[in-house]
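Work the whole structure out from these sequences, hints included.
The listed protein sequences correspond, in order, to chains A and B.
Residues in the first sequence are numbered consecutively from 14, following our numbering.
Residues in the second sequence are numbered consecutively from 14, following our numbering.
In short, the hints are calculated from the structure, not lab data.
Incorrect hints may appear among the rest.
Which copy is meant is left open, so a pair is good if it fits within one copy or across any two.
Said to hold, decoys possible - Cut-off 16 Å, straight-line C-alpha distance, at most; resulting in silico cross-link-like pairs (EDC-like, lysine to aspartate or glutamate):
1. Lys23 <-> Asp406
2. Lys370 <-> Asp257
3. Lys361 <-> Glu373
4. Lys90 <-> Glu68
5. Lys222 <-> Glu338
6. Lys125 <-> Asp192
7. Lys370 <-> Glu276
8. Lys90 <-> Glu204
As the structure is a prediction and not an experimental result, all values here were calculated from the model.
This is what each chain is made of:
Protein chains: 2
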Amino acid sequence: MSESMQDWLKSDDSKNYFELLRMPTVGADPTHIRDCVQAATWLKKWLKSIGADAELVLPEGGADGALPVPVVCGELKGAEGTTSVLVYGHYDVQPPDPLDLWDTPPFEPTVKDGRIYCRGAQDDKGQLFAFLCGVRELVARGVTIPTVKFVLDGQEESGSCTLFKLLEDRAFRKRIAADVMLVSDTGAAAELRPAIVAGLRGVNHFTVKLTAANRDLHSGEYGGIAPNAAQGMAELMASLHAPDGSIAVKGFCDGIVPPTEEELAAAEAGFADAAAYKADIGTEPCGGAAGKSIVQRNCFEPTIEVNGIHTGYGGPGSKTVIPCEAIAKLSTRLVPGQNPARTFEAVKEHLREHCPKGMEVSFPEDCGLSAAMRLPLASPLFRLAESVLAEMDPRGAVFMWDGASIPVVSALREATCAAPLLVGWGQPEDRIHSPNESFSLRQFAAAKDWAQRILSAI
Amino acid sequence: MSESMQDWLKSDDSKNYFELLRMPTVGADPTHIRDCVQAATWLKKWLKSIGADAELVLPEGGADGALPVPVVCGELKGAEGTTSVLVYGHYDVQPPDPLDLWDTPPFEPTVKDGRIYCRGAQDDKGQLFAFLCGVRELVARGVTIPTVKFVLDGQEESGSCTLFKLLEDRAFRKRIAADVMLVSDTGAAAELRPAIVAGLRGVNHFTVKLTAANRDLHSGEYGGIAPNAAQGMAELMASLHAPDGSIAVKGFCDGIVPPTEEELAAAEAGFADAAAYKADIGTEPCGGAAGKSIVQRNCFEPTIEVNGIHTGYGGPGSKTVIPCEAIAKLSTRLVPGQNPARTFEAVKEHLREHCPKGMEVSFPEDCGLSAAMRLPLASPLFRLAESVLAEMDPRGAVFMWDGASIPVVSALREATCAAPLLVGWGQPEDRIHSPNESFSLRQFAAAKDWAQRILSAI
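See the structure below:
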């Protein structure tokens, strides 16, 4: 744990990690498919180098509408009769844009002040590879470990379409079946205090398209006559929330199961306060519905977020057009009790109902749905994890209900019946999904240490 | 007038016109400044070739914040003691994007079915150059004509900043002083029936910027906590109009002078009906406030149009970010009685008041203001124009109140005391400001004919 940056930079771990980071594995972007396949092949070889079986897997006939980004599946045979463990992580990353806000090249790992800056440095190449390095260390040390199966996803950031397709196949499900599922793709609490994730929100992301006239029109000649798709999209997006910030989509919040008092209290204990958020994001942490606490809004309430709007002119000076088309990217985060398919229908129905005169709304692209997950606090696996984490850190672990989603984790849980254990080492300053993403050596070391300790303990 | 396309394509007029069209004179775009200067130099030489004095003019010290796109000023000395005429037109064009919607290269004139396709084919290189060809023809024929002064603007599409600056200079104003101002930058009525423009709307265009957090944030980790600039911009833009389509900005409509009954009746006579608009634009002509006729909405009511919104992700698949910044391009069209500066203040005040929590609104760029213009129908110049147009076309002329703006025309009128006469030959199928802009040989010939007839008659 006290390894110095200079020593670490000479190690195979860091060299391999940097090699993996240099591959721009934007799994959602067709122009990066070769990079994804290259990274998958690289991971397969790496797994083999530590004695595991490994191969690239794609569904027969492909996944509907998805790019053929392979899943890396591997297995490291352990002691007979022991508990089997499934390790899930992802090697794809978010797109790096806006590129101009990066201080260093987004796919060139750059070391500064104990941190490695690169897209994917943390999410999830960093967390995943640090965990894998822990496994490598155990093997090298000859420690007896359970059978470890690896499922390394190349499309987590865009809905894990290929893996979802694979899970439809009984043989594949059998192949990856395990007792416990370990996931290193979440955050620790403040100041790197260990955290066990007891809940994840579900997610649904899709594209909304609004069309008006048959072409962009002159805003003078047609102003007052033609419907305006930019204005229409603004009205549509604004209609999703009530003035108090609550969700205004009928039926969207149906069935929500609120947290228990125990869960709410535990969540509050592990959470940063409003001042910390303000310092972090640079503005008031005022998203979500008025009248609910930050913890409620982030952990136990759903959201509908506009991830982007693009319509009409955006260059220098002006172009006085009435745009004929507008695109919005939306994502919703879901909590237990919400039926993902029904929430999607509710949003579509809302947008159709609110579609302005003279325009048509459509949904040209959707990237998959996943339900929220909430795990019971009083489970033997959580007890074991708590005791291992207390050995690592005298402060002990807290429970967290993560506002983010790992859609495939619920699906893997159902498909394999494995009990999920999500312990990760992310921190807000890592800036995942943002420019200048980074991961510290301290975090890398913690993730590697955790891998060794939990696999030895299970 | 009955010249065939084949004959015309062999003429110097068409060769010169095509040469002018090939220069991508996007006056608002810094990357095209060399093209603008090249076109201005080309026009100067052309004017000299027909016997006029001509030079490129820029204000000393430049115009604030504007690119140094020169104004081409020229003078063709006419008979002593005759009326002097100022010819105003512009050689800059709108940006060509969206490029993928063009069927032919936007800056390569392409002839198809009697039409020339090119950005600027009509607006205003086509209308202007056809008029200039009429002047050339008069000179070649040795006809006695009045002194003709030329002011050819390179920034009409972005606010004529340089020309506005020049108009502050008394010597410049004196230099371009004239009795009558001829402008060929407007439309004819349906089926190319001649039209005299008796009114223009004013315009104001500017950029709105909304900032929220200090970076784009993960929509799971921060969803429910962070304010969302995409959603905020949608709310801001939606707030500009009431549900019935009327303008919701307090003070914006103050002072509006409604049309007289005679003006309204004349405007209705020269206007296309709703069915024609639907056929043209491909959707219901339902822009503007409910309860007012199309003519009222287009000619005598102001508008606030969103010309573009850009924020967050817009690529393939999804990127689940909470955008930290959003840009919108707005333009407003103004009618007589509205004070342009006060309308701008009203919009800014409205947006500041409606700025969502945790965000900041700013106005990083504005491209100039101009008031609306409405000319009295019973003027001697209009009588003369009506009789000349009746000679050209047995249907005679109609009066039109153009929904568009030529900001500099009001300013030139004030600066020179010249009586404006706006007769142009645009048609909706020209698709100005849109992809696949075009101009027909028939329109080109009409504009050229008009130039010869009106200059002979004045």
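Checked hints:
1. Lys23 <-> Asp406: Classified as neither; 27 Å inside a copy, 87 Å across copies.
2. Lys370 <-> Asp257: Intra 26 Å, inter 11 Å, cutoff 16 Å: inter-copy only.
3. Lys361 <-> Glu373: within (12 Å within a copy, 30 Å between copies)
4. Lys90 <-> Glu68: The answer is within: 15 Å in one copy meets 16 Å, while 85 Å across copies does not.
5. Lys222 <-> Glu338: within (7 Å within a copy, 21 Å between copies)
6. Lys125 <-> Asp192: neither (40 Å within a copy, 71 Å between copies)
7. Lys370 <-> Glu276: So Lys370 and Glu276 fail the 16 Å test inside a copy (46 Å) and across (29 Å) alike.
8. Lys90 <-> Glu204: neither (36 Å within a copy, 82 Å between copies)
In the structure shown, a violation is registered for the earlier hints numbered 1, 6, 7, 8, in ascending order.
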